[in-house]
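Participant: Sequence:
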Amino acid sequence: MAGTIPPAQPPPGPRLGPPPDPRPWRRRPNPLRRPTDRLQARLGLGLLLAVLAVAPVAGVVVADLAHRHYADTARHQTLTRHETSATLTEDVPRHPEPGSDEAKLARYPAEVRFTTPDGRTATTRAEVPPGLSAGSPVRIWVTADGEATEPPLTREQVRSHSMGCALLAAVGIALTGAAAHAVTRHAVRRRNLAAWERAWAETAPRWTTPG
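The sequence shown runs contiguously to residue 236 in the working numbering.
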C-alpha cells in the first residue's frame, strides 16, 4: 500500500571469514610457490624488458652503421665502374617463357666486345637479356680493369640493405634473450630437482620404515 512504512529489519550479522582485500590486484601468497619459482619469473620478466629495451636501440645503431658502409660502397663503385656500349659476339638463348615477367628480368651470360676508355678493344662475359643474336648492341657495366660487373648500388638498395641489417640485429637480440631464458630455466629446473631429491631422501625413510 502506498505510503506504508516497511517494518524495521535487524542489523546484518558479523561477516564470517577474512575481510575482502582492498587491493584486488595484489597477488595472494601461494604456499606451494618456491623461491626458485619467483626467481625464474623475475629473470624472465627482466630478460623480456631487456630485449624490449635493447632491440630497438641495436636496430637503430646497426642501421646507421650499415647505411654508412653501403653508402661508401656505392660511392666507391660509382667512381670505379662505368657503363659502356658493347656488341654481342654470340647468340643468347631464348627464355622458355618469352613475354612473361620472368623473361623480362632474366639475364644470360654471353661474350661481348667493347672499347676501353684508352681505345683498346676488349672482350668479356656479361649478363644480357635473352633472345638477342650476335652483333646486337647491349649496355654493360665494366670495372677499370675491363671486367663486366654489376651497376653501382642505388639509394633504394642501400636503404634496403641497411633495413635488413637492422632487422637481423633486432632478431638476434630477441634470439639471444630467448636462449638466455632457456638456459636459466634449465638451471633453475635442475636446482629444483636436486632440492626435491634431497627432500625425498629425508622423507622416504619415514614412509618406507615400518612403525
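Think of the hints as simulated: they come from the structure by calculation, not from any bench.
Glycine included, each C-beta is placed from N, C-alpha and C at the ideal position.
Be aware that one or more of the hints could be misleading.
Stated by the list, open to error - With beta-carbon atoms standing in for the labels, derived distance ranges:
1) Leu64 - Val85: 30 to 40 Å
2) His94 - Ala147: 55 to 65 Å
3) Ser110 - Val79: 10 to 20 Å
4) His211 - Pro176: 47 to 57 Å
Participant: Does each hint hold? Answer for all of them.
Facilitator: Do the hints match the structure? See the list:
1. Roughly 32 Å separates the CB atoms of Leu64 and Val85, a value that falls within the hinted 30 to 40 Å.
2. Checked against the hint of 55 to 65 Å, the pair His94 and Ala147 fails, with Cβ atoms roughly 31 Å apart.
3. A C-beta distance of roughly 52 Å is found between Ser110 and Val79, which places it outside the suggested range of 10 to 20 Å.
4. The beta-carbon spacing between His211 and Pro176, approximately 51 Å, falls within the hinted interval of 47 to 57 Å.
When the structure is compared with the earlier hints, violations turn up for hints 2, 3 and for no others.
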